[in-house]
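Q: Given the coordinates of chain A, work out where chain B with the ligands should sit on it, guided by the hints.
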Amino acid sequence: MPVITYRQALNDTLGEELARDPNVLLMGEEIGVFQGSYRVTEGLLAEFGPKRVVDTPIAEEGFVGVAIGAAMLGLRPVVEIMTINFILVAIDQIVNHAAKIHYMFGGQVSVPLVIRTPSGGTGQLAATHSQSFENWFAYCPGLKVVAPATPYDAKGLLRAAIRDDDPVIFIESLALYDTKGEVPEDDDYVLPIGIADVKRPGTDVTVVSYSRMTAVALQVAQRMEQEGISVEVVDLRSLRPLDRPTIIESVKKTNRAVVIAEDWYSYGVTAEIAATIQEEAFDYLDAPVYRVAGLEVPLPYAKELSAASKPNANNLIYAIRQVMRGTKRMR
Amino acid sequence: MAEVAETTQPLLERATVDELKHYYYQMLLLRRFEERAGEMYVKAKIGGYCHLNLGEEATIVGLMAALTPDDYIFTNYREHGYIIARGVPPGPVMAELFGKETGVSGGRGGSMHLFDRKTNFMGGYAIVGGQVPLAVGAAYALRYQNKPGVVVAQMGDGTTNIGAFYESLNLAKLWKCPVLFFIVNNGYGMGTSVEAGSSEPDLWKKGASFRIYGERVDGTDVLAVRDVVRRLRARAEAEGEPAIIDAVSFRFRGHSVIDSDRYRDPEAVRRGRELYDPIRKFATLLLEHGVIDDAWLKAVTERVEREVQEAIDFANNSPDPKFEDLYKYMYATPVPNTPTTEDAIRAVKINHGEFDV
Ligand SMILES: Cc1ncc(C[n+]2csc(CCOP(=O)(O)OP(=O)(O)O)c2C)c(N)n1
Ligand SMILES: [Mg+2]
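Residue numbers (numbering that gives the first Met the number 0), protein chains in the order written: chain A, 0 to 330; chain B, 0 to 356.
Chain A with its partners taken away, still in its complex shape (with noise of 0.2 Å):
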């Protein structure tokens, strides 16, 4: 298999997608003539034309309401929303209307729409430009929503989303944009949506991430060996629908669970995951669930207080620690 960038193989998606069917286009603010912000979507303009690769003016709500319509006249939109920040301004036409269409007018038509678009912090970004919002609409029914965290992920993902008749929130992040793994060639090549990955497997405890955090917890699993500690790493994938059994298939075999996400502490995917594995792992746990998330502050933008503030490898390993001991969380 070709080694590439996950950029790379959202890129290679996107177009052989749009080759494949003419009822997909793209749509966002600076995809084409700019190439996209992050470069997800360059060449792709030239290739396809401004019919397929529309650039939107600064309209989030108004051209995320228009790719819903679309699509429900049989268009098959991918919409990007230049990072999650922005998406809050279009949320109405997600949540009330993109999630409810198909379940509220008895199944008579669907909205097949996928929005794109990269999550979490990274490189000083502060407040209003490094938050985490995929917990908000993987609490909505009738959304789907996933977060590869590899470029293998993100391929079968992607086309899987694009060729899938529902809204599909498909989340990514600038930090693993450049990251590089192997990718099928196979045209068939597609991952079912809300399944999840054992990235590597272990026996000692479970760790149960996605997206970038799924790379961090890979990185750790590998020093851990080095201590004598075998990690399984759990990659959601999927954050809606939860694909609970893997998660707690897991823990049952290795009895401690660890989580990390990088969204907020509070009411966060952590607290959905450390949930479900109380609910359905309770007599299995030789320690309670540990959680590692983002500290709740509105994320400063000076450097050292910004790394500060986001979760990494110290305090997986810290909290990897702990519940290897059998410790309480410490606040």
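Worth flagging that the hints you see were computed from the coordinates, not collected in a lab. No residue lacks a Cβ here, since even glycine has one placed at the ideal position from N, Cα and C. One thing to keep in mind: the hints can contain errors.
Claimed, not checked - Residues on chain B that point at chain A, a partial pick, calculated with CB under 10 Å:
#	residue
1	E95
2	E166
3	L173
4	T332
What the hints assert, rightly or not - 27 Å max Cα-Cα, derived BS3-like pairs, lysine-lysine:
#	chain 1	residue 1	chain 2	residue 2
5	A	K50	B	K146
6	B	K321	B	K117
7	A	K252	A	K198
8	B	K348	A	K50
9	B	K327	B	K348
10	B	K175	B	K117
11	A	K198	A	K179
12	A	K50	B	K172
13	A	K309	A	K198
A: Quick look at chain B with the ligands alone, frame taken from chain A:
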């Protein structure tokens, strides 16, 4: 109600006798449907919110008379009349208000969320302004796929103050979308008058900074509404030119069935219902021109009475949606790890207290 200039063209040059009679029949059907829906609400056959089209019958029938089967319609939550005038029988509409499986949305939507695929009635939407970008998107799809037809984005006067409306105007003009922004100007958004909510109360002018043409029409004059829609529809379809239609009418009752309308002077409301009743006005016009006579009026009234009663009977006799179908319409493409029929049955049993632990 704001004043609008009238046409001088003779009535029978504008429509055939059959058309005129059909419009009258449709308007009366909407009137009786809504009056009876109000009664059914008070009897608790209908739940939630229920917004009636009373006073807006000419606006609705005129609009639908001008549309073709290729066209698509997106509306707000005050939409019972639209789906009926578009051709859906009153029975499944009433059944939806009753929350029945036979309802137009399978009992999953209710009064505010009617939908009918076959007639391109693309839904009632209950977040003010939410339907407007969707309608532009549908028009965008027609243009993309090179298909005939236009899309109607129906909305109320109050809706012209929300951001989604303005983003929609901009995108529609920018992308040449064949869409008609159809404002049902009944003078109020709940208790807020047009003047209290819009710095530009001439709503048809609100497209000016988007270079979108607008026009005001007497929404209580069925032919006037039909004619303006026909004209602007043709232009939208041929040239991808969106337009605004500001159809003025008088809201007969409160905002919804449960609104006691305390913010309007009862005497002014009584007078408004007399002056601006589109059905009474139309009957007088048709009688004057000898298009109809009293016997015809009596017969059509009886027919409408019967049809609405049949709709109520149909709704009453229809089954409720099944508990096991709770998750039936969750996704169009099934995926693993989603709730099942068995999950639904178990959850509902517990909810009903059917357990022995
Ligand atoms: C975004 C939003 N805000 C508030 C409401 C509550 N609400 C429902 S109808 C309505 C008034 C709308 O008035 P108008 O657009 O004139 O339509 P009408 O009811 O007169 O037909 C309001 C404020 C809502 N449904 N959505
Ligand atoms: Mg109004």
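Q: Provide an ascending list of the numbers of those earlier hints which the structure does not satisfy.
A: 8
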